[in-house]
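Those sequence lines, one after another, are chains A and B. If you want this note's numbering, it's the position in the first sequence, counting the first as 1, plus 28. If you want this note's numbering, it's the position in the second sequence, counting the first as 1, plus 616.
Rather than coming from a laboratory, the hints here were simulated on the basis of the structure. Each residue gets a CB set at the ideal place from its N, CA and C atoms; glycine is no exception. Hints may be right or wrong, so weigh each one.
Unchecked claim - Calculated from the model, a selection of chain A residues having no Cβ within reach of chain B, i.e. all distances over 10 Å:
(1) SER36
(2) LEU104
(3) SER115
(4) ASN152
(5) LYS283
Claimed, not checked - DMTMM-like cross-link-like pairs, simulated, lysine to aspartate or glutamate; straight-line CA separation at most 25 Å:
(6) B:LYS629 <-> A:GLU136
(7) A:LYS138 <-> B:GLU619
(8) B:LYS629 <-> A:ASP137
(9) B:LYS632 <-> A:ASP137
(10) B:LYS854 <-> A:ASP98
(11) B:LYS715 <-> A:ASP98
Unchecked claim - What the simulated footprint calls covered on chain A by chain B, stretch by stretch (three residues with Cβ under 8 Å from a Cβ of chain B suffice, anywhere in the stretch; the number is not a length):
(12) 73 to 82
(13) 132 to 143
(14) 205 to 215
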Amino acid sequence: MTKIIETSHLTKKYKNTTVVDEINISVEQGDIYGFLGPNGAGKTTTIRMLLGLIKPTKGDIKVFGKKLADNRMAILKEVGSLVEYPSFYANLTGYENLEAIRRLLRIEDKHRINEILRTVGLLNAKDKLVKNYSLGMKQRLGIGIALLGSPNLLILDEPTNGLDPAGIQEIRELIKKLPSLYGITVMISSHILSEIDQMANKVGIINNGNLIFQDRIEVLRKKSSPRIIIRVNDSESAQTILKKDGLNVALNSKKELVINEIDDDLISYIAEKLMMSRLSLYRIYEEKRSLEDIFLDLTTNKERDIL
Amino acid sequence: MYEHIMFEWFKLKRQKIWLIVLIVPLLSVLLGYGNFLGNYEVLMDKADDNAWLEAWTQITLFYGILFLPISSGILAALVCRTEHLNGGWKLQLSLPISKARIFISKLVVVLSLILLVQLSLVFFFLIGGIMIDIQHSIPWSFIFTAVFFSWLCTFTLSTIQLWLSYRIKSFGIPLSINIVLSLLVFAAYTNKIGIFYPWAQPSFAMAAPEESAIESFPMFISVVFVTFTIILALAVLKFSRSSLKS
Chain A
29 MTKIIETSHL
39 TKKYKNTTVV
49 DEINISVEQG
59 DIYGFLGPNG
69 AGKTTTIRML
79 LGLIKPTKGD
89 IKVFGKKLAD
99 NRMAILKEVG
109 SLVEYPSFYA
119 NLTGYENLEA
129 IRRLLRIEDK
139 HRINEILRTV
149 GLLNAKDKLV
159 KNYSLGMKQR
169 LGIGIALLGS
179 PNLLILDEPT
189 NGLDPAGIQE
199 IRELIKKLPS
209 LYGITVMISS
219 HILSEIDQMA
229 NKVGIINNGN
239 LIFQDRIEVL
249 RKKSSPRIII
259 RVNDSESAQT
269 ILKKDGLNVA
279 LNSKKELVIN
289 EIDDDLISYI
299 AEKLMMSRLS
309 LYRIYEEKRS
319 LEDIFLDLTT
329 NKERDIL
Chain B
617 MYEHIMFEWF
627 KLKRQKIWLI
637 VLIVPLLSVL
647 LGYGNFLGNY
657 EVLMDKADDN
667 AWLEAWTQIT
677 LFYGILFLPI
687 SSGILAALVC
697 RTEHLNGGWK
707 LQLSLPISKA
717 RIFISKLVVV
727 LSLILLVQLS
737 LVFFFLIGGI
747 MIDIQHSIPW
757 SFIFTAVFFS
767 WLCTFTLSTI
777 QLWLSYRIKS
787 FGIPLSINIV
797 LSLLVFAAYT
807 NKIGIFYPWA
817 QPSFAMAAPE
827 ESAIESFPMF
837 ISVVFVTFTI
847 ILALAVLKFS
857 RSSLKS
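Extracted from the complex, chain A is given alone in its bound form (with noise of 0.2 Å):
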């Protein structure tokens, strides 16, 4: 596979806070990748850092193999991007902001204009001054403006901030569609695991500036497996006995047992071990848990040991 974005290393700070601390991205060729982390995890700086708007204070980035430091224009013009906000002129239409940048870009198909307005769903309002569109038909636009490049990598960041639940899908729907319309490789963050659970194949989690997670969304979804909980008077004791056997028993924020399996025979086997133990067995129940489980824990800190 060959890697669009490669990170060794990257590294910003801000006098003595240190925002992204030692990242080492990778996305590889026709990835979505989900970027994701709690607001202020360093998403927007490092994404300021991969498109060359911020210096890094150490580490590299390679786009497409090259080095972003010493090949800015030769990979911006292969790149497209929407910003934590998206970037326009109000006092253009959405059309003239197509047409300003195609100009800008001496793409010589005026088509293309017109097609992009129909990809991101805009082609009715082309004529309608952009201060007067909402927040969804301007993040759309912001895509749209990301798009005409034709890029073959798309960087968004947050571009479903802000928006309504139907506004969320129609992006969403946009962004599922693109590496398959015209095979580019997408970049997209945000806060919110859902909304990338549904499109991203890959996923990298940032916390405090560190990547803390990184890989196939299914690795992360494996995580989200069932879990049994069981709450005894002694856990300690309990967790010993049951090591003893060569079981992987780790505890809870609560002082529970959490294992990792749900075979029927194991967990009566563990039961009745405990009980011949002359241990009160409480509860026994089996923990369901949706990736945003997993992606609050990860980000919080706590439960680390279990995961």
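Given chain A's structure and the hints, the job is docking chain B onto it.
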């Protein structure tokens, strides 16, 4: 470069730029002719006085010292306003355009607009003179030399104003700084090193021959050229190196 300049030009749509191009010269001409007619006897005291030149002096008194530097500042602020409002800087800086070109294109647009303001001044000046029925011959070559050189003299000024408008997000602050610095032109007139002051240079270049504070014209033009080259190099360098503020 051409498409960058056209891009800047295109973005000025519906910004009511024509208001500045028309109103500022019209106002200067009205005030100038008002002054001229009010003090006609004093101004036209010599037999060989040309009424056009005397009127021109009155007009450029307001225009050269105050209105021109202030309008070039407004124009610089206007070409940056659309960028500040809705993330235009971010958009442009993430497009494959060199930063130097972004800055220079904006400067070219500001300077072209100033040239339009200058031509509009000449237009109203001639109309006004014809209306009050000035009989003397129109000093064409002087007028066009004055307009052309004072335009050249706005290059340094505009570069500084453009840089200020880029760094300062608000519309009002660079404008206020600009007005204060324009008022200092009066001080520049009384000082030998006044010709180095970018806000004063346009009015020096506009003054009628007999009123001119410039001792040596080639010397003056070299000063203007050198200050512009230095300021432009500095501004482009600073602009290219600056990081995007949030």
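Going down the list of hints, with the structure as the test:
1. SER36: Non-interface label stands for SER36 of chain A: nearest chain B Cβ at 21 Å, farther than 10 Å.
2. LEU104: 4 Å, violated
3. SER115: 3 Å, violated
4. ASN152: 21 Å, holds
5. LYS283: 44 Å, holds
6. B:LYS629 <-> A:GLU136: Judged against 25 Å, a Cα distance of about 22 Å means the pair holds.
7. A:LYS138 <-> B:GLU619: 15 Å, holds
8. B:LYS629 <-> A:ASP137: Answer holds: LYS629 of chain B to ASP137 of chain A is near 23 Å, not above 25 Å.
9. B:LYS632 <-> A:ASP137: 30 Å, violated
10. B:LYS854 <-> A:ASP98: Distance of about 19 Å is within 25 Å: holds.
11. B:LYS715 <-> A:ASP98: 15 Å, holds
12. 73 to 82: holds (count 5)
13. 132 to 143: Satisfied; 3 residues make the cut.
14. 205 to 215: Result for this restraint: violated, n = 0.
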